[in-house]
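Per the working numbering, the sequence shown starts with residue 276, numbered consecutively.
It cannot be assumed that every hint is accurate.
Claimed, not checked - Simulated restraints on C-beta separations: (1) N278 x K306: 36 to 44 Å; (2) V284 x H304: 28 to 36 Å; (3) M276 x A307: 36 to 44 Å; (4) N278 x A307: 35 to 43 Å; (5) Y297 x M276: 36 to 44 Å; (6) M305 x M276: 37 to 45 Å; (7) D277 x Y297: 26 to 34 Å; (8) D277 x K306: 37 to 45 Å; (9) A307 x D277: 28 to 36 Å; (10) V296 x M276: 21 to 29 Å; (11) M276 x F298: 37 to 45 Å.
Hints were generated in silico from the structure; no laboratory data involved.
Each residue gets a CB set at the ideal place from its N, CA and C atoms; glycine is no exception.
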Amino acid sequence: MDNGVLFAVLTFFILIIGLPVYFIARSKHMKAMEAGGGGGQLPG
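Please construct the entire structure, taking both the sequences and the accompanying hints into account.
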């Protein structure tokens, strides 16, 4: 398999799997921050 194709497939799977996980983790973190009184903010 061509390296470019392999890289594209890997990027695709990382986006499909990683984005929902990232948003779920961030929403949980935001709720925890609100419950904890809104301490330090993460950049981004």
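Falls inside 36 to 44 Å, the C-beta gap from M276 to A307? At 42 Å between Cβs, range holds.
So the hint says 36 to 44 Å: do the beta-carbon atoms of Y297 and M276 match that? Violated: the Cβ-Cβ distance is about 27 Å, outside 36 to 44 Å.
Please check whether V284 and H304 have a Cβ separation lying inside 28 to 36 Å. 30 Å, holds
Taking the beta carbons of D277 and Y297, is their distance inside 26 to 34 Å? 28 Å, holds
Given a hint of 37 to 45 Å, does the C-beta separation of M276 and F298 actually sit inside it? 31 Å, violated
May I ask you to test the hint 37 to 45 Å on the CB atoms belonging to M305 and M276? Given about 40 Å between the Cβ atoms, the range holds.
Between the beta carbons of V296 and M276, is the distance compatible with 21 to 29 Å? Given range 21 to 29 Å: holds, Cβ gap about 26 Å.
Given a hinted range of 37 to 45 Å, is it respected by the beta-carbon distance of D277 and K306? 43 Å, holds
CB of N278 to CB of K306, is that within 36 to 44 Å? 41 Å, holds
For the pair N278 and A307, does the Cβ-Cβ distance stay inside 35 to 43 Å? With a Cβ separation near 41 Å, N278 and A307 satisfy 35 to 43 Å, so the hint holds.
Honestly, do A307 and D277 meet the 28 to 36 Å range at C-beta? 43 Å, violated
In this structure, the earlier hints numbered 5, 9 and 11 are contradicted, and the remaining ones agree with it.
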